[in-house]
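Protein sequence lines, in the order shown, are assigned to chains A and B.
One rule links them: number in this note's numbering = place in the first sequence (from 1) + 46.
One rule links them: number in this note's numbering = place in the second sequence (from 1) + 206.
Quick caveat, the hints were computed from the structure, so don't treat them as lab data.
What you were told as hints is all true, and nothing was included just to trick you.
If the Cβ cut is set under 7 Å, some of the chain B residues that face chain A in the computed set are:
1) E452
2) A456
3) T457
4) G458
5) A459
6) H460
7) I462
8) W466
9) Y467
10) P471
11) Q472
Heads up, the beta-carbon is just placed ideally off N, CA and C, and yes, glycines get one too.
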Amino acid sequence: MPLLKIEKLNKIFPNGYHALKDVSFEVDKGDFLVIIGLSGSGKSTLLRCINRLYEPTSGRVLFLGEDLTKLSGLKLRAMRAKIAMIFQQFNLIPRLSVLHNVLSGALNKKSVLDGLFYRYTPEQKKVALEKIELVGLSHRTYQRADKLSGGQQQRVAIARALMQEPLLLLADEPVSSLDPATSHSIMKYLEQINKELGVTVICNLHFLDLVRRYASRVIALKDGQIIFEGYPRDITDEWFKKIYGEDAIEVKTT
Amino acid sequence: MNKRLNIIKAFCIDTGIWVYIVFTVNIVLNKISGISHQKTYYEDMPSYLVQGLLIATILFFIKGCSLGKDILKTTLPQSQAYYKRPSTYIMCMVFLLTILSGWYISEFSLNDLFSMDGLEKATRLFSSLFSPNFKVLPKAVSEAIETIYMAFMATFVAIPISFLLSFFAAKNLMSQTISQKIVYNVVRFILNYTRSVEPLIWAIIFIVWVGIGPFAGTLALMLHSVASLTKLYSEQIENMDDGPYEAIKATGAHPILGIWYGVVPQIIIPFLSFTIYRWDINVRMATIIGLVGGGGIGELIIQYTGLSMWNEVGMIIIVLAAIVWSMDYLSSIIRQALK
Numbered sequence: 047m048p049l050l051k052i053e054k055l056n057k058i059f060p061n062g063y064h065a066l067k068d069v070s071f072e073v074d075k076g077d078f079l080v081i082i083g084l085s086g087s088g089k090s091t092l093l094r095c096i097n098r099l100y101e102p103t104s105g106r107v108l109f110l111g112e113d114l115t116k117l118s119g120l121k122l123r124a125m126r127a128k129i130a131m132i133f134q135q136f137n138l139i140p141r142l143s144v145l146h147n148v149l150s151g152a153l154n155k156k157s158v159l160d161g162l163f164y165r166y167t168p169e170q171k172k173v174a175l176e177k178i179e180l181v182g183l184s185h186r187t188y189q190r191a192d193k194l195s196g197g198q199q200q201r202v203a204i205a206r207a208l209m210q211e212p213l214l215l216l217a218d219e220p221v222s223s224l225d226p227a228t229s230h231s232i233m234k235y236l237e238q239i240n241k242e243l244g245v246t247v248i249c250n251l252h253f254l255d256l257v258r259r260y261a262s263r264v265i266a267l268k269d270g271q272i273i274f275e276g277y278p279r280d281i282t283d284e285w286f287k288k289i290y291g292e293d294a295i296e297v298k299t300t
Numbered sequence: 207m208n209k210r211l212n213i214i215k216a217f218c219i220d221t222g223i224w225v226y227i228v229f230t231v232n233i234v235l236n237k238i239s240g241i242s243h244q245k246t247y248y249e250d251m252p253s254y255l256v257q258g259l260l261i262a263t264i265l266f267f268i269k270g271c272s273l274g275k276d277i278l279k280t281t282l283p284q285s286q287a288y289y290k291r292p293s294t295y296i297m298c299m300v301f302l303l304t305i306l307s308g309w310y311i312s313e314f315s316l317n318d319l320f321s322m323d324g325l326e327k328a329t330r331l332f333s334s335l336f337s338p339n340f341k342v343l344p345k346a347v348s349e350a351i352e353t354i355y356m357a358f359m360a361t362f363v364a365i366p367i368s369f370l371l372s373f374f375a376a377k378n379l380m381s382q383t384i385s386q387k388i389v390y391n392v393v394r395f396i397l398n399y400t401r402s403v404e405p406l407i408w409a410i411i412f413i414v415w416v417g418i419g420p421f422a423g424t425l426a427l428m429l430h431s432v433a434s435l436t437k438l439y440s441e442q443i444e445n446m447d448d449g450p451y452e453a454i455k456a457t458g459a460h461p462i463l464g465i466w467y468g469v470v471p472q473i474i475i476p477f478l479s480f481t482i483y484r485w486d487i488n489v490r491m492a493t494i495i496g497l498v499g500g501g502g503i504g505e506l507i508i509q510y511t512g513l514s515m516w517n518e519v520g521m522i523i524i525v526l527a528a529i530v531w532s533m534d535y536l537s538s539i540i541r542q543a544l545k
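Throw the hints in and build the complete structure from the sequences for me.
Pasting the structure below:
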């Protein structure tokens, strides 16, 4: 059984924009799936439909055999806990320390009251410190997260995601607001999480050389439809032009 | 279909403008000819309506003379420069007529302002105000303290109420389900209603309810503060960055925690700064509320002005100025520190 199975997923926004058209694919455990496509091709919408930050209009999202689109309340939150997400804009909580940002990844295990008063168990604090060490930010543990550099903030976000002990990690253009060197460092962390911790990763990317370097499988979206599904080595120049348009020229990060 | 609707809209705009022009022209003509000094604006309205409708209908079919068509851009883009279009002149005329009729309606009169008699009285009054009677200083200070605490209590009680309400009055948090939308609209309606009634009126209502005194004034201020603070708070929530809220939601946290972690840290500083500003406003408003019997230094003012004791009033004004100045200073320091 695949870890995640998307069946005929459609998303139509209230303004009538049809962002996803009958998208279907499968993700196996341990995959490093990369989704490519132009801006506006529906990549972010697709990720957000998986953990229901957006409500899909129709279709099924089967995670561990259960249809996520049918869940609500407690059950939905329990499933979300197993699916971590990192974002292009990092989306850390401003004014809170790195430690508390990472700890917030454990909020799904907290009662509302404990959460309101920032009460965490010593065990959770220990795990949080481990995750911070994993992303190499131990020296920043008690600093305000919003004062860190972009790359460091994304590493905090990764630590927060790991705090959830997820089975699946959704990465929405995790390196799009970072410089090339930092991009590689972040991608290496994702690779490490994928290979060593066995977390399945679905990642939106723009740069094809990053795709070739890190992806185990690739899906290309165009106007909300899947137009390519295969391995990174299969993306020929011909496919590249189909995905990005005739006039596109491949840009390389170093 | 859309075009036809736009033409109807344009005609309505034209009619509205011409009815207004006829109305203001009538006021100016009446004043100049000195025919009538009675306020019969409402009674005369039907005749204005008919005249306005008539002019609008005629001009609607003359090219370039319809302001409504220009505003809604139903006609093709005009090659004419804006200062050559008739509609520009109509707008200028509306503006000029508004100033003229406003001058007459508000009975603007430089004669009255600079008459010898009036100036003499004013000189007498101001000389009294500027030679304050220091004997009433203790009384004024005691009442001023009451005013400051009224403002403080009103603000303090309003904070938690507005804080809670603001989340229900924020459109971005309340647009998911139909029940959320209903709550949002109900909260907004009540708040707008409360805010549209001046604290002075609320004070009169509460004086009837709980009796004359500072408590009535405090309640009036509190109600108004809740309405205004909730509006300011919720607008802040609407302008927030959705990212952190999304991120916490994605961890599977309870929605309340999503707001507590994803929203509150972003808005807490603007909230504090609004609140301090509100306290500042409340101190000044508490004075006004005292005028109708809501307690505090305002009561003293109304007593002394009623008895034409201008030296005493002068003393109170000095005390008030001192309070307003120190509040201003204090709140600017606190707001600076919060950044």
